[in-house]
Each structure stands twice: as structure tokens, then as C-alpha cells.
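*Asks:* Chain by chain, the residues:
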Amino acid sequence: MIEVRIHGRGGQGNVVAAYLLATAAIDEGHFGQAFPAFGAERRGAPVVSFVRIAERALRRRNQVLQPDFLIVQDRALLKVPGVLDGLRPGGGILVNTSLDAATIGEQVGSAVVTLPATQLAKTHLGRPVPNTALLSAFLTLTQILPMDALTKALEQKFRGDILERNLRLIEAASQHVPAGHWKERAHATGA
Amino acid sequence: MTELTRGAFAHPGTSLAFKTGSWRVQLPVHQHRPAPCHNACPAGEDAQAYLGLLATGQAQQAWETIVSANPLPAITGRVCHHPCESACNRGQYDEAVGIHGVERFLGDEAIRLGWAYPVSRPAADARKVAVVGAGPAGLSAAYHLLRAGYRVSLFDSLPEAGGTCRMAIPPYRLPRSVLDAEVGRLLAAGIDFRAQQQLGRDLSLAELRQDFGAVFLAPGTQKNREWSIDGAVPRDLHVGLDLLKEWMTVGSMIQATSVAIIGGGNTAVDMARVLRRCGVPQVHIITHEALPGAGIPADDAMRAIPREIAQAQEEGVIIHPHRGIRRLILRGERVVGVEMVHMKKLRRPDGSVERVVFEGTETVMHVDQVIPAIGQQVDDTGLAELLHRQAFFAPDPQGALSGHPGVFVGGDARPGGGSVSAAVGDGRRGALAMDRFLRGMAAQADVAVTAVGFEQLNLNYFESAPRGEAPILPPEQRKGQEEIEGGLIANQARQEAERCLSCGNCFACDNCWTLCPDSAVLKTTEQAADGSHYVFDYDYCKGCGLCAKECPCGYITMEDEA
Amino acid sequence: MRQALEGSQAIARAVALCRPQVIAAYPITPQTHIVENIAKLVADGKLVCEYVSVESEFSAASVVLGAAVAGSRTYTASASQGILLMSEVLFNIAGSRVPIVMTCANRAVGAPLSIWNDQQDSMAVRDAGWIQLYCADNQEAVDTTIQAYRIAERTELPVMVCVDGFTLTHTLEPIDVPSQQQVDAFLPPYHFARTLDPMKPISMGTLVSPDFYPEARHSHHQALLNAAAEIVAADADWCALTGRSQGSLVQVEGDADASVAILTLGSVIGTLADAREMHPELGTVKLIRLRAFRPFPSEALLQACAGVTDLVVLERALSPGGGGIVGAEVKAALFDMPNPPRVHNFAVGLGGRDIPLDIYPRLLQAVRSQSPRPFAVFDVELDKLPAEDR
Amino acid sequence: MNTTSQTTIPIADLRRSQPRFQGIESGHRACLGCGEALAARLVTEAAGPDVMIANATGCLEIFTTPWPESSWRLPWMHSLFENTGAIAAGMEAALKAQGKSTKVLAFGGDGGTFDIGFQALSGMLERGHNVLYVCYDNEAYMNTGIQRSSSTPHAAMTTTSPVGRDRMGKRHLKKDILSIIASHHIPFAASASVAYPSDIRKKVRRAMEIEGPTFLLIHSPCPLGWGHDGALSIEVARLAVQSGLFPLIELERGELIGTMPLRQPRPVTDYLRLQQRFSHLFKDDSRAREELEHLQALAERNIEYYGLNSNRDDPCDSEGADTVRRGGQRWG
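Residue numbers (this note's numbering), protein chains in the order written: chain A, 82 to 272; chain B, 910 to 1471; chain C, 6 to 395; chain D, 2 to 333.
Be careful, since some hints might not be right.
[To be verified] Derived BS3-like pairs (lysine-lysine); straight-line CA-CA distance at most 30 Å:
no. : chain 1 : residue 1 : chain 2 : residue 2
1   : A       : Lys160    : C       : Lys389
2   : A       : Lys238    : A       : Lys203
3   : C       : Lys45     : D       : Lys284
4   : A       : Lys160    : A       : Lys264
5   : C       : Lys45     : D       : Lys176
6   : C       : Lys51     : A       : Lys233
7   : D       : Lys175    : D       : Lys101
8   : A       : Lys203    : A       : Lys233
9   : C       : Lys45     : B       : Lys928
10  : D       : Lys203    : D       : Lys101
11  : D       : Lys176    : C       : Lys51
12  : A       : Lys233    : A       : Lys160
13  : C       : Lys51     : A       : Lys238
14  : A       : Lys160    : A       : Lys203
15  : D       : Lys175    : D       : Lys203
16  : D       : Lys176    : C       : Lys205
17  : D       : Lys97     : D       : Lys203
18  : B       : Lys1388   : B       : Lys1253
19  : B       : Lys1132   : B       : Lys1254
20  : C       : Lys45     : A       : Lys238
21  : C       : Lys205    : D       : Lys284
22  : D       : Lys203    : D       : Lys176
23  : B       : Lys1154   : B       : Lys1388
24  : D       : Lys97     : D       : Lys176
25  : D       : Lys175    : C       : Lys205
26  : C       : Lys51     : D       : Lys101
27  : C       : Lys45     : A       : Lys233
28  : A       : Lys238    : A       : Lys264
[As the list claims (entries may be wrong)] To list a few chain B residues with every Cβ distance to chain C over 12 Å, as calculated:
no. : residue
29  : Gly916
30  : Ala917
31  : Pro921
32  : Ala1104
33  : Arg1110
34  : Asp1209
35  : Ile1227
36  : Glu1268
37  : Asp1277
38  : Asp1288
39  : Gln1307
40  : Pro1314
No wet-lab data here; the hints were simulated from the structure. Note that CB positions come from ideal geometry on N, CA and C, so glycine has one too.
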């Protein structure tokens, strides 16, 4: 089972990201579960969502306290207390930033991969919505699901031009991170 | 055992099992009460009843309803002073219903369309009765006796029936064609009319009493009352009624330039109007009474019909009300003037009325004729044994003459008479009394039932509507014998009938049916046996009294539960 | 076929499969996604029905009541304050014996204001006379919603399908959505014997005097007791049709001979099941889930508790000043057993407090280390309170 | 004189053959002279058999349906005090979904309409349900024993607006519900009075023909609550109209399109004097006189605002007239 925690802000599509990832997994024949850490937050406030992917039915419904991976939808969130809490030893952190991994790594002291997802989103979508770029990068890094699974998940959610733009975005994002960099870690969790 | 339904639902209309009538302490009842027009009619017509029939398009039934009391509606519709209209409750709302116009319309319609009187010819072996005098009282008595199944012989001293109507009422008020038609139709209904049979000359009372089971005497008043001023009379004195009769039978009239007529009754007014028609320039009526009008008590007003008085004034007749003649001014034996004085009837503390002459109010008026029109009395020829030198007979209210079983009297020959409709009423009552007499039954007094008052009606439900008026001849065209007042046309008559408030009678307005919160009033045109169109379902009537309060006609009253 | 669906979305699809003719709802977190999804199905023409956007939950319940008696299958959903605002109507619906299905997206009841999950809302109206079924996961929410219509319409009782707010309603997971053919085969068209009809008019909602009121109440009580058989039959028939059983009245998993058992309602069962697998060293434990809370499944509960010496009853609500609502009812039911288990009654996860996996060992430790206490809020942190409130 | 009504056929048969639709049967337990019972009877009569009724808690509900009895011959449901608008909305939605043309009527008193049920009513109107909502306005909570409502007129005495040293009955004004209702921009809203049954009938028929929400406010005297003889219920209602205190008006989409004109407005004292609830206004007291003047001013304001005082045909002449005609022709 892989447990992922996604940190973002209200309005960034944090829950959508979690749902897309779990949907991709379920459509690939895995078991998946995604849910937000529900809050009454408004646009801009820090929010959290969770994804579990497993090979057997998931029954637990508690929050992901010890994620294997963290996806952080903007760098400023790293300063929010608790964002990095509970990351399993050897776990990976994917951060949306235009800074390089080394710079961020100094800040968080762990295995960090960075992706200029907002920039990429602005380029390809015309809007600063980084979530699909980050998912693409995450799948590229872990290779737990083929990129095609994300494509299909996006096809369920989007149509037309916006779908095309998203597909170009995830293609571009996947080029930005080292493929299979977290593959070993992902497989070690039993996914 | 009642079984609970799922969710406690109930079936439709099951509340009928609960008889809310047990809550009642008062119950509504339908109570027919006379309308004031009915009580006021001397002839006994129930105007409310026939107005209702005409309003629903049943003209012939309406006429039949009239003739069940008065067989002469075309006549009374013209000449009656219609106290019904004075009594009409609608008069307190806007204007009284024009009842006489409807009566006249129906009478004329009957003549025009030949509606038969609802009587059948008497059986050959039916008992015989005699009626003396073919004026309105005698005609009425004969008709009602015919209705009761008797063979009726009607005697009159004149060649034609009609009595006062023929002799004293000018044709401009009652065209002869109408009189002839109505009287003729009535006689043709089965009355054995024997003309030119004068009592004391051609037949005797004793013979009549011998040949007939009962006798109704309606001889009228054929004898002039004595008249003088302090014993003085002009040599060429003419009496009003005689002049009238003469004018109507031979068309002659005295010549004069200024005439004073003494009296306040119909004869005085008719006399005055005829004189005007005959070209007399100045015609005065001098009367003790007041001009009728608002606030004038009935016993102080001129007895002539108010509309006739008004028409007379329109025609130039000058009326001097509250005046008496103090003195005749004579030159030789001819009159050249009268001295008048103001006078009034004043009520004494004990209620009686006294004529008071006011000194210092004397005035003199030059006239060349003085015509008394102060009334007649019964001519006792052939009747002396019954009259005992009295001016009038004194029968009981039903017309029976005390001490003379089988003899009944009515019309002008009894005191207080003087109107055609009263005479018609006398005839009807007399006929009923004769019938009871012949059947060996005790006489039955009329039961006086109080009429429905204005305050017992609910006027919220009536629209204000102007009274329909018949055309009237302008004064300048009133010449000769042409009838002055026209009749209502059919639409007008029906509209007038619809103005009737139906006092004391159900006219099926649906108010009680519509307004009962308990649906305890059921509508049934055919099934209600009490004259209404509704029945109370006392199983559910809670006795709230709403129906009684909202009945427009005062037909529902609340009574305490027994 | 399994699809990735958010719980609310899955419930909306299940509702649509039941072909309701009138839907009335007022939005409240966390029920909103359900009614939004239904509104979208209606907007897209995928569900043909009258969707009445009422001005309050009170009217939502009233509209479906009016519609149901007028002959239409109905649906509504609410949560928390919304359920309480409905409560007068809920009693009225049940007392009128009208078949209505609603989803309660369980949420705490303020004050203090909380939008998060517990079951205080449905527990507060447990006496309204509705059938209450609590779901463990979203698949069960789907299947139970469909079963609920059949149960409601056969028993002429309203059914409240209780689904933990957020925990289920906002969780995306794989769902096997039944086909329309399956649902049509299972659920006949709506029929309500007392449908208001101008051709056969009846009066509903009458005044009942003391002469009959106790009988009316008894009848309602008896109807709920009798409904247990319909709940069992609905699940059995559904299982025959789809291969999925959702646990009838009481669902039991784990070793039948276990002397320790944990009893819950709703979605927390899944977390406990995973934790139990993770901790075989803690011995055999039986997990008991009350799927039906009304009617209260006393008989099935007693069977499930056979051989149990320690029974942990977990509450997602409480009766302040009284204690555990479920605990009290369970204890009352166990009173008839010859050797009833000791009952350890805890409230957990109030107001959305996460129920972590380690609650399992902690609960078992508590059972072993102490004699039963009447009732406690399990994860309460007393040092957050002023001294007098601890 | 007849003291019993005689028929030649059984009265039960006669009852069954009445030439009108009978929506509410006899045997209900309304007080003597109940205006509400009458109004509901008139409304159902005019609305006809193809209707379904949602009825709020209140006198009408209580007195018509003490189980196992019901006075209704129509499909009828009582749910609660405050949800009638919503129950009716639900019925309407269901009938619409089933493609049925049965019209839904909602009945409530002034408490269930002006006050506690106002929200559900407003929602129903806003959503455009095809429902005729009829409010039987007897101007207080009569079912619970005469407590004031927001419909209770100014200065009226109720058990919760009593008269005492410091008070002359209700301090506040009667809520202008019709204006509020009309502000929902509904196709038809009107006031009516039991004193004018033809007018009620006309307005009900009109509402029945409209596809959409309509509202009828019927002034329905309560002999118990107003303190008048039950026989005077109609008289009192009529005077309320004729004094201008209860104007009969019609509104379409919020615009005034018709009124019952008053040719000769009656002084409000004619109306008030008949009712115990205003008896304190006839004491020799300067505050009482002031309140009488106040009520007269309110009536005059209505007359002026709605243009009631006119020389147009008076109510007796106009369409919907309650002029009686021989043979019940006004119902023709």
C-alpha cells in the first residue's frame, strides 16, 4: 500500500489531484481511496488530501498520518507547521517550485524533487493550476501507474481544449523529473 | 370494535355519524308571514305572491293568484289608491314596488289574452244565492260564491253591471272598454246577472230570502247626504255625484266660471277635474283635510287618491286644504261667493279628534257655483226593515247582519267603505261567510297576523333599483275621456315584480343554503312542504342562527328548542 | 463494473437508479455533494424527476411527505442541524406511515459548530419512528439505498440511510454500480396503498383521541419490529441478484469463538478490521456492526454476543448527562442473556476527530486493564479542559 | 307555522342529491356560526372534486378530522402547523411527475400562514408550484384559545394581547400579508370575505384556472375569538369590508387589478361594536377614543390607498355580486 498526502491551498485542486490519482489506480485495476482532510477552509487556506493505493480492498478510513510520499503544491506550504510530519523514512517529497531540489533540500532536509508546476501550468493551461503537472511528475518518479492511466483519468474529467492542454502539460511535466527515481521506494511499500 | 387504520386515516364524509344537532338550543324554522302589502290590501290580494310568479315568468298564474282574491284587477289596478304601495317595505329602502302597475298589467293581459277565470260552472242542483248590487262588492261576492260552487243570481237596478265604477269614476281614470271587458268576462264566467231589478220596486227582500239560500246586499250609497251652511243652500244646488253621473251617462255639465267643490274625497277631485275638462276656468276644492304627503297622518289627509289629487292640481284645480266654509255669500238664492276659514283637526289628550276653527282667518272667495261632494248614504228603499233609519248598515266584520240570518252586507253600504278595493274585499269576505252559513258552520273571523317589518329583512342583499313608471298624459293633453295613466309594458312589469323584496316568503335565493357553515340546509325545489325551497337537516343544524339573520326576506325565525 | 466514484456521487447514482419522481433537498455540509450530483443528473436529463429546491430542510421533508402521499417515490438527504430542523416532520412522516427514503450524511450537531462527522444527528431522531440503517462503506451506501426503497415501500415506514459524513460521502473509492435492469428487477414501481386520490378520497393526519393513541403507537412500534424481516429479506434478495450482501441486521466478522468483541455502527468498522489484521498478537476479536439500529436487532445481537465476555461498544454520539446511546441500548438487550458480557462503552471520533488504527490496541488494552466503566469519551484529552470540566 | 321541515324522500337521500359539490360534510365540530367552516366549504365547492388538499394544523383540521371521522370528501392531508406550503408543493410536484392535472389546494389559518408557516409558503410561491393557497384569516390563534398572531388587528384583545392598565389590546398592526405574498410576483393574489360568497367563488375559479401559485386570503369571523353571536358572522364580516378595514382586492403579478368598491363606507365603530375583542374601545377613556380614531384612520387609509370609495357599481351590482335573486340565480 502506498499512502500519499497532498498539501495545497483551497482552490488549487487539491482534492481533484487526490481523486485523479486514486481514479487512475482504480481504473488500472488496483484498489484506491482518496479523501480530503475535510475543513471549512476557504480559497487560499492550506488544505490536505490523502490517497491510498493498494492491491487489496482498503477498509481503513483514518487519515494518512505516515505518508510514503508528500506532494506539496507550493513551496510556501513547507513553512506551514505539520506539512512534513510523519513522512516515512526514505519517503519522497515532490514540491512545486521553480527552485532546484538542492535549495529546497536544505530547507526540508530530505529526498526532495522539485517541479516548476505553476510555470508549466501557466505555459500550457494559461492558468496557475499545478495539480495535474505534479501528478504527472509523481507517476514519472514512482512509475506505480502508467502515464496512460492519468491520461484516462483526465479524460473522464475534462473535455476538449482543456483536456488537450492538460495532456500537453503532463507530458511536459514528466520531462522535468527523473523517471523511476522513486520507483524502488514505491515498490518497497508493497504497491 | 372500531379498528385503527394505518396512520389513522379516515374515510370520506364519515363525520355524518356525528349528529351535531344535539348541540342546538335554538332551531331555525321557516315561517311564512304576510308581507305588509298583503296586510294592507283591502281586497286581500297577496301582492308578494303574484309579484313572485310574474318575476319568474308565470304571468297567468300571477293573474290567477290575484283573482283568487280580487276578480277585478284591471279595474282596481287603475282606480285603487293602492295602500299596498304605502305599506311596501321597499319604500323604506328606495322606492315602493309599483304594485298597482303590475296588477293593472296582469288584469289587462288577462283581457287581452282571454285568460279564463279559474272557476267551473255550478252544478244544476247547486244551491242558489242572491247578490244585490253589481258594483265591485257585489261582483266580488258573486264571483267568490261561484268559486265556492253556488248558483249565483246578481241583481242590479241599472241596465249594466259595474256600480260606482260605471257611475262615478270618470273614463279618463277607468276607460269604459276596460270596465266592460273585465265585468263582462266575470259575468260570463257563470253569474246569472239580472239587470234593472230594483229592490223595493221589482223585487223584495222577502222574496229573495225565500228563493235563495242567502243574500248578499251591496246596494251602495245612492242617497245624497243633506248639506247646508247654517241652513242656507243655494237654489240651484247641484250635488257632486249627481253631476258626475250625468256627465258620464249623457255628457252634460253645468256652466260656470268659478266653482267651489266642498269635500276631500275622490268624488270631489273627480268632479273638479271633469269641470276643468268641461271648460270651467276656476275650479276650487275646499276641504277640511290636509294634502296627503310625508308626515301627514292618514286620518288627517284628503281621502282622495294622492296621485289623483296631484293630477288634478296639474290640470289647474286649486285646492284649499284645512279650510272650512263659514258662510255662503248669496245674492238672492244664487251663490256669489264663500267665506272660508282656516281649520284643523287637533287631537285631544284622550286621542279623539276635534275640528278647531281659527278665528280671524276668514277669507272670501267669489264663486258662482258651490258643489258639495261630501258623500252619500244608503237609500233605504226596500231595505227599511234592515236599516232602521241609519245612514249605513252595521254588519259584523264578515258582513253578517245581526238579527237577519242569511243576509250579508258589504261595499259602500257599510260604514268606512268608499273604495273599490275595500268593496271587493267585502264581497270576498261576505261570500266566505255565506258559504259557512250555508254549510251550517259558525262564522270565522279573519286572523290578523303581523306583517314582516322592514327591520326583519336583510337589505344587504338587494340592489337599489328605480321604480318603473308608466307613461302619463301631459296635463295639456288631458281632454275628454282619454285615459291619463298608461300601463307598464311587459318588461317593465316583470322588472317591477323583480323589485319585490318577498317579505316573509322564501324566494329561493339560496342564502341559507349557501351560508350554512354546517351544510344543514338542504335544497329541494320539489320536496319542501312548507313553501320554502329548502329543508333544515336538524340532525346537523347547530342552531347558530346565521340563516335566519341572513335570510333577506325574514322567512326564517329562530325558536327555542322544546 | 467497479468505478472510481466519490461516495456522494455513488449515492446519487443509486438514488437515480431507483427512479424517484420527486426529490427535495436543502444543501448542508457534508450532504451537499449528493444533492449536487443528483441535480446534475436531472440537469443532464439522466434522471427525469421533479427536483424541488426547497428553502429549508423542514420543507424538504415536508415536500417529500406531500409527494409520497400524492403517489410518487421520493428522496431527500440532510445532515446535522438539517436533520434536527426536519425532526418534527420526521416524526410526522413515520407516524403517518409513509414510505420515504432519505440519506443522513452523519455530522455532529452544534453548538459548538462542527461540520465534521459523528452520528449525533441521526441518534437525536432515533425515536422518530424511522428505520435507521448505518453503512460501513460507500458500496453499502449504494446497495442499502436501493434496498431501503423496497423496505420502505413494503413496510410503509420511512428509512434513513446513515452514511458517515466526509468519511464516506467525500471519499473516492471503487464502487460497483448496479445496472438499471438489476434495480428494476429488485424494486417494483412505487405503490402506496393510501395514495391520495380524488376518486377515492381519504383524510390523512387526523386527530386521534386517548382512546386510540396508545394503539396507534403500539402499531407503529410493532411495524418497526416487523420491518426487521423485510430488512433481512431485502439484503438476501439483493445478494441473490448482485452477489453482494451488506450484512442484514447485524454484521459479524472475525473469530466466532472470540471472547472479546467490538461493536460499532457505520464506517469505523473498516479501520478496526484493518487494525485487527495488523495485530494478530492481540488475540481473537470479533467485530460486530449494527447495520440496523431501528428496528433494534436484539435477537441478532444476542446471537452475535454468544461467548463474548468483554464487549466494547463504540459510540459516535452521546447523550450528555446519560452516556452512550448505543451502549445503553446494547446493555438493555444483553440483560436477557444468562451470562452477559462486560460492556465497555466509549464514544470515539466525535466531531470528526480522526479514529486512527492504533485505537484498536488501545481499546483492547483498556478492556484488559480495567473493569468496565459506565461510559467514557475514549480519546478525550482532559488537559485541554479547565479543571472543573475534566 | 311549520316547526319541522317535511320532505317526502329521506333526508339522507336529499343530502346526497344536492345540486352542488360538497367538499366538506356535516357533522364537523366547528363552533356555531364558524366563519372558517363556511369559507372552507365555499372554497371546496367552487374548486370542485379534482383537487387535493394540504391542511395546516388549526381549527379547520381539528374540527373536521377527529379520527375515525372525517368531514372531507376530498383527498386531504394534515401534516404540521408550519409546513403546509411545502406539503402542497410536494403534492404538486408528485402530481406533475405523474402527469396528473389534479389541482393542489393548501389551507391554513392566519397563524399557519402569516407566522409559523410563512417560510414554507414563501418557498412554495417562489418556486412557482401550481397550488392555490387559501388562508382562512380569523386574526388570531383560535385553535389554542385566542392568542394574538401577526394578523390580529391593532387594538384587538386576545389572551396574549390583553387589555390592562398599560395596554389597549394588541399594540402592533395587522401584517399586510397580501402585499408580501404579491411581492413574490405570483400570477394572482386576492382577499375575500365569507360575507361575499359569490366573490369567493369567482376568485377561487379564477385561481383554479391559473397554472401557477395563487393565494386567497379569506376573512373568516370566529364567534368565539372575536366575541360575537354566531348568527352575526356574516354581518361582522360584511362590516369589516364595508368599513374599509378589510379591503377586498385582487392583485396580478403584484399589481392591483380589482377592488370591491364601497359606495358608502360604514364607520369602523359599526364593525367594532359587534365584537367583544374591541369592547374596551367603547369605554369612556381617552386612550380608547384614540384607538378608535386610529382604527378609523387605518380604514380610511385603505379606502384611499386602494381607491375603494368610488361611484363605480357597488358590490351588489358588480360581477361576483352577492345580490340575491329569485331561484338562486346568483349561482347560475
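*Asks:* Decide, holds or violated, for the assertion that all CB atoms of chain C are farther than 12 Å from the CB of aspartate 1288 (chain B).
*Replies:* holds (82 Å)
*Asks:* Between the alpha carbons of lysine 45 (chain C) and lysine 233 (chain A), is the straight-line distance 30 Å or under?
*Replies:* Satisfied, since the Cα-Cα distance of roughly 22 Å is no more than 30 Å.
*Asks:* Does the alpha-carbon distance linking lysine 238 (chain A) and lysine 203 (chain A) stay inside the 30 Å limit?
*Replies:* Given that 30 Å is the threshold and the Cα spacing comes to 20 Å, the pair holds.
*Asks:* Would glutamate 1268 (chain B) pass as off the interface with chain C, using Cβ distances and a cut of 12 Å?
*Replies:* holds (87 Å)
*Asks:* Between lysine 203 (chain A) and lysine 233 (chain A), does the CA-CA distance stay at or below 30 Å?
*Replies:* Judged against 30 Å, a Cα distance of about 22 Å means the pair holds.
*Asks:* Check the hint pairing lysine 160 (chain A) with lysine 264 (chain A) against an upper bound of 30 Å on the C-alpha distance.
*Replies:* holds (27 Å)
*Asks:* Hey, does alanine 1104 (chain B) actually stay past 12 Å from chain C on C-beta?
*Replies:* The claim holds: alanine 1104 (chain B) sits with its nearest Cβ about 77 Å from chain C, beyond 12 Å.
*Asks:* If I take the minimum Cβ distance from isoleucine 1227 (chain B) to any residue of chain C, is it greater than 12 Å?
*Replies:* Label holds. Min Cβ-Cβ 79 Å, cutoff 12 Å.
*Asks:* Checking one constraint from the list: CA of lysine 175 (chain D) to CA of lysine 205 (chain C), max 30 Å. Satisfied?
*Replies:* violated (40 Å)
*Asks:* Run the C-beta distances from aspartate 1209 (chain B) to all of chain C and say if the shortest one exceeds 12 Å.
*Replies:* Given that every Cβ of chain C is farther than 12 Å from that of aspartate 1209 (chain B), nearest at about 69 Å, it holds.
*Asks:* Just want to verify: aspartate 1277 (chain B) was marked as not at the interface with chain C; is every Cβ pair farther apart than 12 Å?
*Replies:* Check passes; 92 Å lies beyond 12 Å.
*Asks:* Would you mind confirming whether the straight-line C-alpha gap from lysine 233 (chain A) to lysine 160 (chain A) stays at or under 30 Å?
*Replies:* violated (34 Å)
Going down the numbered hints, you'll see the structure goes against 3, 5, 7, 9, 11, 12, 16, 18, 21, 24, 25, 29, 30, 31, while the others check out.
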